Amino acid sequence: MEPGSLIFPKPDTELALELSEQVFIDEDDYTRAPASPTTVPNVRPYRPPSTGSNITKSPRARRVRTASMSQSTKRTAAESILHADRRTIYTAGRPPWYNCTGGQEVEPFLIGICGASASGKTTVAAKIIESLNIPWVTIVSMDSFYKVLNEKQHQAAECNEYNFDHPDAFDMDLLVTVLQRLKEGKKVEVPIYNYVTHSRESRTKTMYGANVIIFEGILAFYHADVVRMLDMKVFVDTDADIRLARRLRRDIVQRGRDLEGVLKQYMTYVKPAYQSYIAPCMAHADIIVPRGGENHVAIHLIVQHVHKQLQLRGFKVREKLAVAHIGQPLPDSLYVLKDTPQVQGLHTFIRNKDTSRDEFIFYSKRLMRLVIEFALSLLPYSEVDVDTPQGFAYKGRKCDVEKICGVSILRAGETMEQAVCDVCKDIRIGKILIQTNQQTDEPELYYLRLPKDIKDYRVVLMDATVATGAAAIMAIRVLLDHDVPEHNISLVSLLMAEIGVHSIAYAFPQVKIITSALDPEINEKFYVLPGIGNFGDRYFGTEPAYDE
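The letter at position 462 of the sequence shown is residue 462 when you use the working numbering, and the numbering goes up by one with no holes.
A couple of the hints might just be wrong.
[Said to hold, decoys possible] Distance condition first, Cα-Cα at most 16 Å in a straight line; then the derived EDC-like pairs of lysine to aspartate or glutamate:
{"hint": "1", "residue 1": "K187", "residue 2": "E414"}
{"hint": "2", "residue 1": "K431", "residue 2": "E414"}
{"hint": "3", "residue 1": "K403", "residue 2": "D453"}
Because the hints were derived from the structure by calculation, they are not lab data. It should be emphasised that the depicted structure is a prediction, and the values quoted were computed from it without experimental measurement.
Construct the complete structure from the given sequences, taking the supplied hints into account.
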(Lines of atoms letter the chains of each structure in order from A and count residues from 1; the text may use other names and numbers.)
(Lines give C-alpha, C1' and ligand atoms only; values in the text may rest on other atoms or scores of the structure.)
Protein backbone atom coordinates (compact mmCIF):
# COMPACT_ATOMS: atom_id res chain seq x y z
CA MET A 1 0.00 0.00 0.00
CA GLU A 2 1.26 3.49 -0.85
CA PRO A 3 2.13 5.92 1.99
CA GLY A 4 -0.68 8.28 0.92
CA SER A 5 -3.37 5.64 1.41
CA LEU A 6 -5.73 5.83 4.35
CA ILE A 7 -7.35 2.86 6.12
CA PHE A 8 -10.42 3.71 8.19
CA PRO A 9 -10.69 2.03 11.61
CA LYS A 10 -13.94 1.15 13.29
CA PRO A 11 -16.26 4.15 13.66
CA ASP A 12 -16.46 3.88 17.47
CA THR A 13 -12.74 4.34 18.14
CA GLU A 14 -11.25 7.60 19.41
CA LEU A 15 -9.09 7.94 16.29
CA ALA A 16 -12.16 7.89 14.08
CA LEU A 17 -13.63 10.86 15.93
CA GLU A 18 -10.43 12.85 15.49
CA LEU A 19 -10.45 12.53 11.72
CA SER A 20 -12.74 15.55 11.38
CA GLU A 21 -13.78 18.48 13.54
CA GLN A 22 -17.30 18.37 12.09
CA VAL A 23 -20.07 16.70 14.06
CA PHE A 24 -21.83 13.99 12.11
CA ILE A 25 -25.61 13.84 12.05
CA ASP A 26 -27.38 10.66 13.04
CA GLU A 27 -28.50 8.52 10.14
CA ASP A 28 -32.12 8.89 11.27
CA ASP A 29 -31.91 12.58 10.36
CA TYR A 30 -31.38 11.71 6.70
CA THR A 31 -34.20 11.08 4.25
CA ARG A 32 -33.76 9.13 1.07
CA ALA A 33 -33.90 10.95 -2.27
CA PRO A 34 -33.54 9.75 -5.86
CA ALA A 35 -29.97 9.88 -7.10
CA SER A 36 -30.94 10.91 -10.61
CA PRO A 37 -33.59 13.39 -11.88
CA THR A 38 -34.68 10.98 -14.63
CA THR A 39 -35.01 7.64 -12.83
CA VAL A 40 -37.94 8.32 -10.50
CA PRO A 41 -41.15 9.48 -12.20
CA ASN A 42 -43.10 12.22 -10.52
CA VAL A 43 -46.50 10.60 -9.94
CA ARG A 44 -49.43 12.27 -8.24
CA PRO A 45 -50.84 10.32 -5.31
CA TYR A 46 -54.24 8.80 -5.95
CA ARG A 47 -57.12 10.64 -4.31
CA PRO A 48 -60.49 8.91 -3.99
CA PRO A 49 -63.50 10.71 -5.46
CA SER A 50 -65.38 13.07 -3.18
CA THR A 51 -68.43 11.74 -1.36
CA GLY A 52 -71.75 12.19 -3.02
CA SER A 53 -70.39 11.60 -6.49
CA ASN A 54 -71.55 8.59 -8.50
CA ILE A 55 -68.61 8.84 -10.88
CA THR A 56 -65.60 6.74 -9.98
CA LYS A 57 -62.43 7.75 -11.75
CA SER A 58 -59.48 5.43 -12.01
CA PRO A 59 -56.16 6.76 -10.72
CA ARG A 60 -54.25 8.35 -13.56
CA ALA A 61 -50.49 8.71 -13.41
CA ARG A 62 -49.19 12.14 -14.21
CA ARG A 63 -47.36 12.29 -17.53
CA VAL A 64 -43.64 12.55 -16.92
CA ARG A 65 -42.84 15.86 -18.61
CA THR A 66 -40.34 17.04 -16.05
CA ALA A 67 -38.61 14.91 -13.46
CA SER A 68 -38.38 15.66 -9.78
CA MET A 69 -34.84 16.51 -8.84
CA SER A 70 -35.20 15.71 -5.17
CA GLN A 71 -38.25 14.67 -3.21
CA SER A 72 -36.80 15.91 0.03
CA THR A 73 -33.72 17.59 1.33
CA LYS A 74 -31.13 16.30 3.76
CA ARG A 75 -29.12 18.03 6.43
CA THR A 76 -25.40 17.64 6.07
CA ALA A 77 -22.38 18.93 7.93
CA ALA A 78 -20.58 19.85 4.73
CA GLU A 79 -20.89 23.35 3.26
CA SER A 80 -23.58 23.84 0.67
CA ILE A 81 -24.57 26.52 -1.74
CA LEU A 82 -28.24 26.99 -0.86
CA HIS A 83 -29.73 27.54 2.58
CA ALA A 84 -33.44 27.24 3.36
CA ASP A 85 -34.84 27.44 6.88
CA ARG A 86 -32.92 24.86 8.91
CA ARG A 87 -32.02 22.75 5.91
CA THR A 88 -29.04 22.96 3.59
CA ILE A 89 -29.05 21.91 -0.04
CA TYR A 90 -26.12 21.84 -2.43
CA THR A 91 -28.17 22.77 -5.45
CA ALA A 92 -31.65 22.40 -6.85
CA GLY A 93 -30.38 21.95 -10.38
CA ARG A 94 -27.13 21.51 -12.19
CA PRO A 95 -25.13 24.78 -12.11
CA PRO A 96 -23.02 25.87 -15.11
CA TRP A 97 -20.24 23.39 -15.92
CA TYR A 98 -18.54 25.71 -18.43
CA ASN A 99 -17.09 29.22 -18.52
CA CYS A 100 -18.60 32.33 -20.11
CA THR A 101 -17.15 31.35 -23.49
CA GLY A 102 -19.11 28.09 -23.45
CA GLY A 103 -16.09 25.84 -22.96
CA GLN A 104 -15.67 23.11 -20.36
CA GLU A 105 -14.40 24.73 -17.15
CA VAL A 106 -14.04 21.94 -14.58
CA GLU A 107 -14.39 18.25 -15.28
CA PRO A 108 -16.86 16.18 -13.24
CA PHE A 109 -15.45 14.59 -10.09
CA LEU A 110 -14.81 10.90 -10.87
CA ILE A 111 -14.76 8.45 -7.95
CA GLY A 112 -13.51 4.91 -8.53
CA ILE A 113 -14.65 2.12 -6.19
CA CYS A 114 -12.77 -1.16 -6.45
CA GLY A 115 -13.08 -4.36 -4.46
CA ALA A 116 -13.72 -8.07 -4.63
CA SER A 117 -16.98 -9.55 -5.84
CA ALA A 118 -19.77 -9.06 -3.24
CA SER A 119 -17.55 -6.83 -1.10
CA GLY A 120 -20.19 -4.08 -0.95
CA LYS A 121 -19.02 -1.72 -3.71
CA THR A 122 -22.54 -0.95 -4.93
CA THR A 123 -23.73 -0.37 -1.36
CA VAL A 124 -20.89 2.08 -0.72
CA ALA A 125 -21.69 3.89 -3.97
CA ALA A 126 -25.39 4.11 -3.07
CA LYS A 127 -24.65 5.47 0.41
CA ILE A 128 -22.30 8.09 -1.03
CA ILE A 129 -25.03 9.21 -3.44
CA GLU A 130 -27.62 9.37 -0.64
CA SER A 131 -25.35 11.45 1.57
CA LEU A 132 -24.22 13.81 -1.20
CA ASN A 133 -27.80 15.05 -1.80
CA ILE A 134 -26.82 16.17 -5.30
CA PRO A 135 -29.17 15.21 -8.14
CA TRP A 136 -26.58 15.20 -10.92
CA VAL A 137 -24.73 12.02 -9.94
CA THR A 138 -24.04 9.18 -12.36
CA ILE A 139 -23.07 5.66 -11.28
CA VAL A 140 -21.34 3.46 -13.84
CA SER A 141 -20.93 -0.26 -13.16
CA MET A 142 -18.06 -2.16 -14.72
CA ASP A 143 -20.41 -5.14 -15.07
CA SER A 144 -22.13 -3.29 -17.93
CA PHE A 145 -18.99 -3.69 -20.04
CA TYR A 146 -18.71 -7.47 -20.19
CA LYS A 147 -17.84 -8.58 -23.71
CA VAL A 148 -20.43 -10.17 -25.97
CA LEU A 149 -19.91 -13.94 -25.79
CA ASN A 150 -19.71 -16.19 -28.82
CA GLU A 151 -21.58 -19.49 -28.90
CA LYS A 152 -18.73 -21.50 -27.38
CA GLN A 153 -18.17 -18.98 -24.59
CA HIS A 154 -21.90 -18.82 -23.93
CA GLN A 155 -22.03 -22.60 -23.46
CA ALA A 156 -19.10 -22.39 -21.05
CA ALA A 157 -20.88 -19.66 -19.07
CA GLU A 158 -23.98 -21.83 -18.78
CA CYS A 159 -21.80 -24.53 -17.20
CA ASN A 160 -20.07 -22.02 -14.87
CA GLU A 161 -16.80 -22.58 -16.74
CA TYR A 162 -16.32 -19.05 -18.13
CA ASN A 163 -14.03 -16.70 -16.19
CA PHE A 164 -15.97 -13.46 -15.70
CA ASP A 165 -13.33 -12.18 -13.26
CA HIS A 166 -10.47 -12.03 -15.76
CA PRO A 167 -9.53 -8.64 -17.29
CA ASP A 168 -10.07 -10.07 -20.78
CA ALA A 169 -13.77 -10.58 -19.97
CA PHE A 170 -14.34 -6.82 -20.13
CA ASP A 171 -14.51 -4.49 -23.13
CA MET A 172 -11.85 -2.12 -21.82
CA ASP A 173 -11.77 0.04 -24.95
CA LEU A 174 -15.48 0.82 -24.68
CA LEU A 175 -15.15 1.39 -20.94
CA VAL A 176 -12.36 3.95 -21.35
CA THR A 177 -14.28 5.73 -24.12
CA VAL A 178 -17.45 6.00 -22.02
CA LEU A 179 -15.63 7.33 -18.95
CA GLN A 180 -13.69 9.84 -21.05
CA ARG A 181 -16.86 11.20 -22.65
CA LEU A 182 -18.55 11.47 -19.26
CA LYS A 183 -15.54 13.40 -17.96
CA GLU A 184 -15.94 15.75 -20.92
CA GLY A 185 -19.61 16.25 -20.05
CA LYS A 186 -20.88 14.48 -23.16
CA LYS A 187 -23.74 12.02 -23.61
CA VAL A 188 -22.96 8.29 -23.64
CA GLU A 189 -24.89 5.08 -24.24
CA VAL A 190 -24.00 2.46 -21.61
CA PRO A 191 -24.75 -1.22 -22.37
CA ILE A 192 -27.10 -3.18 -20.12
CA TYR A 193 -25.80 -6.66 -19.29
CA ASN A 194 -28.22 -9.50 -18.49
CA TYR A 195 -26.68 -11.86 -15.93
CA VAL A 196 -29.27 -14.57 -16.53
CA THR A 197 -28.73 -14.88 -20.29
CA HIS A 198 -25.06 -13.78 -20.19
CA SER A 199 -25.66 -11.25 -22.96
CA ARG A 200 -26.19 -7.54 -23.58
CA GLU A 201 -29.74 -6.33 -23.95
CA SER A 202 -30.80 -4.49 -27.09
CA ARG A 203 -31.60 -1.32 -25.16
CA THR A 204 -28.95 0.90 -23.59
CA LYS A 205 -28.88 3.36 -20.71
CA THR A 206 -28.33 7.00 -21.64
CA MET A 207 -26.12 8.98 -19.27
CA TYR A 208 -25.32 12.65 -19.47
CA GLY A 209 -24.34 15.63 -17.39
CA ALA A 210 -23.02 14.69 -13.95
CA ASN A 211 -21.21 16.73 -11.33
CA VAL A 212 -20.06 13.47 -9.73
CA ILE A 213 -19.42 10.17 -11.51
CA ILE A 214 -19.07 6.99 -9.46
CA PHE A 215 -17.41 4.09 -11.28
CA GLU A 216 -17.48 0.75 -9.47
CA GLY A 217 -16.20 -2.68 -10.43
CA ILE A 218 -13.98 -5.56 -9.41
CA LEU A 219 -11.19 -4.34 -11.72
CA ALA A 220 -11.87 -0.60 -11.51
CA PHE A 221 -8.17 0.10 -10.85
CA TYR A 222 -6.74 -2.46 -13.30
CA HIS A 223 -6.53 -0.39 -16.50
CA ALA A 224 -3.91 2.37 -16.36
CA ASP A 225 -5.97 4.79 -18.47
CA VAL A 226 -8.91 4.45 -16.09
CA VAL A 227 -6.74 4.97 -13.01
CA ARG A 228 -5.37 8.21 -14.48
CA MET A 229 -8.92 9.55 -14.94
CA LEU A 230 -10.00 8.88 -11.34
CA ASP A 231 -10.02 11.83 -8.93
CA MET A 232 -10.59 9.63 -5.88
CA LYS A 233 -9.85 5.91 -5.58
CA VAL A 234 -11.71 3.91 -2.93
CA PHE A 235 -11.01 0.23 -2.20
CA VAL A 236 -13.68 -1.72 -0.32
CA ASP A 237 -12.12 -4.45 1.84
CA THR A 238 -14.50 -7.08 3.23
CA ASP A 239 -13.80 -10.43 4.91
CA ALA A 240 -13.66 -13.36 2.46
CA ASP A 241 -16.30 -15.40 4.33
CA ILE A 242 -18.77 -12.50 4.19
CA ARG A 243 -18.09 -12.02 0.48
CA LEU A 244 -18.76 -15.71 -0.22
CA ALA A 245 -22.01 -15.67 1.77
CA ARG A 246 -23.20 -12.57 -0.10
CA ARG A 247 -22.26 -14.05 -3.46
CA LEU A 248 -24.13 -17.28 -2.72
CA ARG A 249 -27.28 -15.38 -1.79
CA ARG A 250 -27.03 -12.97 -4.74
CA ASP A 251 -26.27 -15.52 -7.46
CA ILE A 252 -28.84 -18.07 -6.28
CA VAL A 253 -31.69 -15.65 -5.55
CA GLN A 254 -31.15 -12.94 -8.17
CA ARG A 255 -29.34 -14.70 -11.01
CA GLY A 256 -30.90 -18.16 -11.00
CA ARG A 257 -27.72 -20.14 -10.25
CA ASP A 258 -27.46 -23.34 -8.24
CA LEU A 259 -25.33 -23.79 -5.12
CA GLU A 260 -22.88 -26.25 -6.67
CA GLY A 261 -22.32 -24.05 -9.71
CA VAL A 262 -21.70 -20.92 -7.62
CA LEU A 263 -19.17 -22.69 -5.39
CA LYS A 264 -17.42 -24.21 -8.41
CA GLN A 265 -17.11 -20.83 -10.11
CA TYR A 266 -15.94 -19.18 -6.88
CA MET A 267 -13.14 -21.67 -6.20
CA THR A 268 -12.07 -21.96 -9.86
CA TYR A 269 -12.19 -18.33 -10.99
CA VAL A 270 -13.35 -15.79 -8.39
CA LYS A 271 -10.91 -16.51 -5.58
CA PRO A 272 -7.80 -16.84 -7.83
CA ALA A 273 -8.79 -13.65 -9.69
CA TYR A 274 -8.95 -11.73 -6.43
CA GLN A 275 -5.45 -12.84 -5.47
CA SER A 276 -3.99 -12.22 -8.94
CA TYR A 277 -5.76 -9.08 -10.20
CA ILE A 278 -7.94 -7.40 -7.57
CA ALA A 279 -5.89 -7.45 -4.36
CA PRO A 280 -2.84 -5.85 -6.07
CA CYS A 281 -5.10 -2.91 -7.09
CA MET A 282 -5.23 -1.95 -3.41
CA ALA A 283 -1.89 -0.22 -3.95
CA HIS A 284 -3.62 2.42 -6.12
CA ALA A 285 -6.25 3.27 -3.50
CA ASP A 286 -6.41 6.66 -1.80
CA ILE A 287 -8.83 5.29 0.78
CA ILE A 288 -9.38 1.72 2.00
CA VAL A 289 -12.80 1.13 3.55
CA PRO A 290 -13.18 -1.98 5.73
CA ARG A 291 -16.65 -3.60 5.97
CA GLY A 292 -18.07 -1.62 3.03
CA GLY A 293 -21.38 0.14 3.59
CA GLU A 294 -21.31 -0.51 7.33
CA ASN A 295 -18.42 1.93 7.78
CA HIS A 296 -20.37 5.17 8.19
CA VAL A 297 -17.34 7.23 9.23
CA ALA A 298 -15.53 6.43 5.98
CA ILE A 299 -18.57 7.33 3.89
CA HIS A 300 -19.07 10.62 5.76
CA LEU A 301 -15.47 11.64 5.19
CA ILE A 302 -15.64 10.74 1.50
CA VAL A 303 -18.78 12.86 1.15
CA GLN A 304 -17.15 15.82 2.90
CA HIS A 305 -14.18 15.67 0.56
CA VAL A 306 -16.43 15.52 -2.51
CA HIS A 307 -18.47 18.50 -1.29
CA LYS A 308 -15.30 20.57 -0.93
CA GLN A 309 -14.25 19.66 -4.45
CA LEU A 310 -17.67 20.62 -5.80
CA GLN A 311 -17.30 24.16 -4.52
CA LEU A 312 -14.99 24.68 -7.52
CA ARG A 313 -18.05 24.46 -9.74
CA GLY A 314 -19.59 27.67 -8.42
CA PHE A 315 -19.18 29.84 -11.51
CA LYS A 316 -20.64 33.34 -11.77
CA VAL A 317 -21.39 33.06 -15.44
CA ARG A 318 -24.23 35.58 -15.60
CA GLU A 319 -22.24 38.38 -13.93
CA LYS A 320 -19.36 37.85 -16.36
CA LEU A 321 -21.68 37.86 -19.35
CA ALA A 322 -23.37 41.09 -18.25
CA VAL A 323 -20.12 43.09 -18.49
CA ALA A 324 -18.51 41.33 -21.43
CA HIS A 325 -18.27 42.62 -25.01
CA ILE A 326 -19.64 46.11 -24.24
CA GLY A 327 -19.22 48.49 -27.19
CA GLN A 328 -18.40 45.78 -29.72
CA PRO A 329 -19.99 45.76 -33.20
CA LEU A 330 -22.89 43.38 -33.74
CA PRO A 331 -21.81 39.91 -34.92
CA ASP A 332 -22.39 38.61 -38.44
CA SER A 333 -24.31 35.64 -37.04
CA LEU A 334 -27.15 37.94 -35.89
CA TYR A 335 -30.29 38.13 -38.06
CA VAL A 336 -32.99 40.66 -37.10
CA LEU A 337 -36.48 40.53 -38.60
CA LYS A 338 -37.11 43.52 -40.87
CA ASP A 339 -38.59 46.36 -38.82
CA THR A 340 -41.79 46.83 -40.83
CA PRO A 341 -44.83 48.78 -39.58
CA GLN A 342 -46.50 45.43 -38.89
CA VAL A 343 -43.62 44.27 -36.66
CA GLN A 344 -43.58 47.64 -34.90
CA GLY A 345 -47.31 47.38 -34.29
CA LEU A 346 -46.99 43.90 -32.77
CA HIS A 347 -44.16 45.06 -30.51
CA THR A 348 -46.29 48.00 -29.40
CA PHE A 349 -48.94 45.61 -28.11
CA ILE A 350 -46.62 43.19 -26.31
CA ARG A 351 -44.42 45.92 -24.79
CA ASN A 352 -47.36 47.91 -23.43
CA LYS A 353 -47.76 47.16 -19.72
CA ASP A 354 -51.51 47.81 -19.96
CA THR A 355 -52.10 45.16 -22.63
CA SER A 356 -54.48 42.49 -21.35
CA ARG A 357 -53.26 38.92 -21.10
CA ASP A 358 -55.51 37.72 -23.93
CA GLU A 359 -54.20 40.39 -26.28
CA PHE A 360 -50.63 39.77 -25.14
CA ILE A 361 -50.93 36.09 -26.06
CA PHE A 362 -52.65 36.82 -29.38
CA TYR A 363 -50.09 39.34 -30.63
CA SER A 364 -47.16 37.33 -29.24
CA LYS A 365 -48.27 34.33 -31.29
CA ARG A 366 -48.46 36.46 -34.43
CA LEU A 367 -44.93 37.70 -33.85
CA MET A 368 -43.68 34.19 -33.09
CA ARG A 369 -45.02 32.94 -36.41
CA LEU A 370 -43.18 35.72 -38.26
CA VAL A 371 -39.84 35.14 -36.54
CA ILE A 372 -40.04 31.35 -37.02
CA GLU A 373 -40.78 31.82 -40.73
CA PHE A 374 -37.83 34.21 -40.89
CA ALA A 375 -35.57 31.62 -39.25
CA LEU A 376 -36.61 28.94 -41.75
CA SER A 377 -35.84 31.30 -44.65
CA LEU A 378 -32.19 31.24 -43.56
CA LEU A 379 -31.88 27.49 -44.16
CA PRO A 380 -30.17 26.35 -47.37
CA TYR A 381 -32.43 26.11 -50.44
CA SER A 382 -31.77 24.78 -53.93
CA GLU A 383 -33.50 25.45 -57.25
CA VAL A 384 -36.12 22.99 -58.43
CA ASP A 385 -38.42 22.81 -61.47
CA VAL A 386 -42.07 21.84 -61.12
CA ASP A 387 -45.08 21.77 -63.45
CA THR A 388 -48.16 23.83 -62.65
CA PRO A 389 -51.71 22.44 -63.13
CA GLN A 390 -51.89 24.49 -66.35
CA GLY A 391 -48.90 22.62 -67.76
CA PHE A 392 -46.33 25.40 -67.36
CA ALA A 393 -42.88 24.95 -65.87
CA TYR A 394 -42.08 26.87 -62.71
CA LYS A 395 -38.60 27.45 -61.33
CA GLY A 396 -38.87 27.32 -57.58
CA ARG A 397 -36.82 26.45 -54.54
CA LYS A 398 -36.80 23.56 -52.12
CA CYS A 399 -35.31 23.39 -48.63
CA ASP A 400 -32.26 21.13 -48.57
CA VAL A 401 -32.73 20.26 -44.90
CA GLU A 402 -34.71 17.06 -44.39
CA LYS A 403 -34.58 16.83 -40.60
CA ILE A 404 -35.57 19.82 -38.46
CA CYS A 405 -36.05 19.60 -34.70
CA GLY A 406 -37.43 22.25 -32.37
CA VAL A 407 -36.03 22.54 -28.84
CA SER A 408 -37.68 24.89 -26.35
CA ILE A 409 -36.00 26.36 -23.28
CA LEU A 410 -38.66 26.00 -20.61
CA ARG A 411 -40.72 27.68 -19.56
CA ALA A 412 -41.03 30.75 -21.83
CA GLY A 413 -39.57 28.99 -24.86
CA GLU A 414 -42.43 26.50 -24.80
CA THR A 415 -44.77 29.27 -25.97
CA MET A 416 -43.04 29.19 -29.38
CA GLU A 417 -43.61 25.46 -29.98
CA GLN A 418 -47.00 25.96 -31.63
CA ALA A 419 -45.54 28.40 -34.14
CA VAL A 420 -42.81 26.01 -35.25
CA CYS A 421 -45.32 23.12 -35.42
CA ASP A 422 -47.61 25.23 -37.62
CA VAL A 423 -44.93 25.83 -40.25
CA CYS A 424 -43.00 22.52 -40.06
CA LYS A 425 -45.02 19.38 -40.67
CA ASP A 426 -44.46 16.52 -38.20
CA ILE A 427 -41.55 18.31 -36.54
CA ARG A 428 -40.02 16.69 -33.46
CA ILE A 429 -39.87 18.77 -30.29
CA GLY A 430 -37.33 18.57 -27.46
CA LYS A 431 -37.33 20.40 -24.15
CA ILE A 432 -34.66 21.78 -21.82
CA LEU A 433 -35.72 23.12 -18.43
CA ILE A 434 -33.39 25.88 -17.23
CA GLN A 435 -34.38 27.99 -14.23
CA THR A 436 -32.66 30.85 -12.42
CA ASN A 437 -31.42 30.14 -8.91
CA GLN A 438 -33.12 32.78 -6.76
CA GLN A 439 -30.12 33.07 -4.45
CA THR A 440 -27.23 33.11 -6.92
CA ASP A 441 -29.07 34.45 -10.01
CA GLU A 442 -27.29 31.75 -12.02
CA PRO A 443 -29.02 29.45 -14.54
CA GLU A 444 -29.43 25.82 -13.48
CA LEU A 445 -30.25 22.82 -15.64
CA TYR A 446 -33.10 20.74 -14.22
CA TYR A 447 -34.32 18.48 -16.98
CA LEU A 448 -33.91 17.69 -20.64
CA ARG A 449 -35.76 15.53 -23.14
CA LEU A 450 -34.18 15.35 -26.58
CA PRO A 451 -34.50 12.98 -29.56
CA LYS A 452 -31.85 10.27 -29.44
CA ASP A 453 -30.66 11.08 -32.95
CA ILE A 454 -30.71 14.85 -32.47
CA LYS A 455 -27.14 15.07 -33.79
CA ASP A 456 -28.57 14.42 -37.27
CA TYR A 457 -31.03 17.34 -37.11
CA ARG A 458 -31.01 21.07 -37.76
CA VAL A 459 -32.08 22.40 -34.37
CA VAL A 460 -34.29 25.45 -33.88
CA LEU A 461 -33.61 26.47 -30.27
CA MET A 462 -36.42 28.65 -28.91
CA ASP A 463 -36.58 31.10 -26.02
CA ALA A 464 -38.97 34.04 -25.76
CA THR A 465 -36.38 36.56 -24.56
CA VAL A 466 -32.60 36.63 -24.20
CA ALA A 467 -30.97 39.00 -21.69
CA THR A 468 -27.42 38.01 -20.71
CA GLY A 469 -27.61 34.85 -22.82
CA ALA A 470 -26.73 32.63 -19.84
CA ALA A 471 -29.66 30.23 -20.30
CA ALA A 472 -29.17 30.12 -24.08
CA ILE A 473 -25.46 29.37 -23.68
CA MET A 474 -26.29 26.54 -21.27
CA ALA A 475 -28.85 25.10 -23.72
CA ILE A 476 -26.40 25.33 -26.64
CA ARG A 477 -23.75 23.65 -24.48
CA VAL A 478 -26.20 20.80 -23.83
CA LEU A 479 -26.85 20.39 -27.57
CA LEU A 480 -23.12 20.35 -28.32
CA ASP A 481 -22.63 17.70 -25.63
CA HIS A 482 -25.21 15.64 -27.52
CA ASP A 483 -22.99 15.90 -30.63
CA VAL A 484 -25.13 18.47 -32.48
CA PRO A 485 -22.77 20.42 -34.80
CA GLU A 486 -22.57 24.08 -33.85
CA HIS A 487 -23.47 25.26 -37.36
CA ASN A 488 -26.70 23.22 -37.21
CA ILE A 489 -28.12 25.30 -34.34
CA SER A 490 -30.34 28.36 -34.78
CA LEU A 491 -31.36 30.34 -31.68
CA VAL A 492 -34.73 32.04 -32.18
CA SER A 493 -36.19 34.64 -29.81
CA LEU A 494 -38.74 37.45 -29.87
CA LEU A 495 -36.48 39.94 -28.10
CA MET A 496 -32.77 40.03 -27.29
CA ALA A 497 -30.40 42.35 -25.47
CA GLU A 498 -27.22 43.35 -27.27
CA ILE A 499 -25.10 42.00 -24.40
CA GLY A 500 -26.71 38.57 -24.74
CA VAL A 501 -26.16 38.53 -28.50
CA HIS A 502 -22.46 39.36 -28.08
CA SER A 503 -22.01 36.68 -25.39
CA ILE A 504 -23.65 33.94 -27.45
CA ALA A 505 -21.86 34.90 -30.67
CA TYR A 506 -18.49 35.03 -28.92
CA ALA A 507 -18.97 31.61 -27.31
CA PHE A 508 -20.53 29.96 -30.39
CA PRO A 509 -19.71 31.95 -33.55
CA GLN A 510 -21.36 29.39 -35.88
CA VAL A 511 -24.77 29.51 -34.20
CA LYS A 512 -27.34 31.62 -36.06
CA ILE A 513 -29.00 34.16 -33.74
CA ILE A 514 -32.46 35.23 -34.92
CA THR A 515 -34.77 37.77 -33.28
CA SER A 516 -37.51 40.27 -34.08
CA ALA A 517 -35.98 43.13 -32.08
CA LEU A 518 -32.78 44.13 -30.30
CA ASP A 519 -32.76 46.21 -27.10
CA PRO A 520 -29.64 48.06 -25.94
CA GLU A 521 -29.17 47.10 -22.28
CA ILE A 522 -30.22 45.14 -19.20
CA ASN A 523 -30.79 46.23 -15.60
CA GLU A 524 -29.27 44.94 -12.36
CA LYS A 525 -31.89 42.16 -12.24
CA PHE A 526 -30.88 41.03 -15.75
CA TYR A 527 -34.12 42.24 -17.40
CA VAL A 528 -33.95 43.61 -20.95
CA LEU A 529 -34.47 47.38 -21.26
CA PRO A 530 -36.84 48.79 -22.43
CA GLY A 531 -37.99 45.18 -22.80
CA ILE A 532 -41.37 43.50 -22.37
CA GLY A 533 -41.20 42.50 -18.70
CA ASN A 534 -41.21 38.88 -17.59
CA PHE A 535 -42.57 37.17 -20.72
CA GLY A 536 -43.42 33.90 -18.98
CA ASP A 537 -45.38 35.59 -16.20
CA ARG A 538 -47.34 37.77 -18.65
CA TYR A 539 -48.07 34.86 -21.01
CA PHE A 540 -49.06 32.28 -18.40
CA GLY A 541 -50.76 34.74 -16.04
CA THR A 542 -48.38 34.17 -13.13
CA GLU A 543 -47.47 37.79 -12.50
CA PRO A 544 -47.23 38.64 -8.79
CA ALA A 545 -50.03 40.80 -7.40
CA TYR A 546 -48.93 44.26 -6.32
CA ASP A 547 -50.80 46.52 -3.94
CA GLU A 548 -51.66 49.85 -5.50
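Need the status of pair K431, E414: alpha-carbon distance at most 16 Å? holds, 8 Å
Does K403 pair with D453 here, judged by a C-alpha cut-off of 16 Å? holds, 10 Å
Pair hint outcome, K187 versus E414 [Cα-Cα no greater than 16 Å]: With Cα atoms ~24 Å apart, K187 and E414 exceed 16 Å; violated.
Going down the numbered hints, you'll see the structure goes against just number 1.
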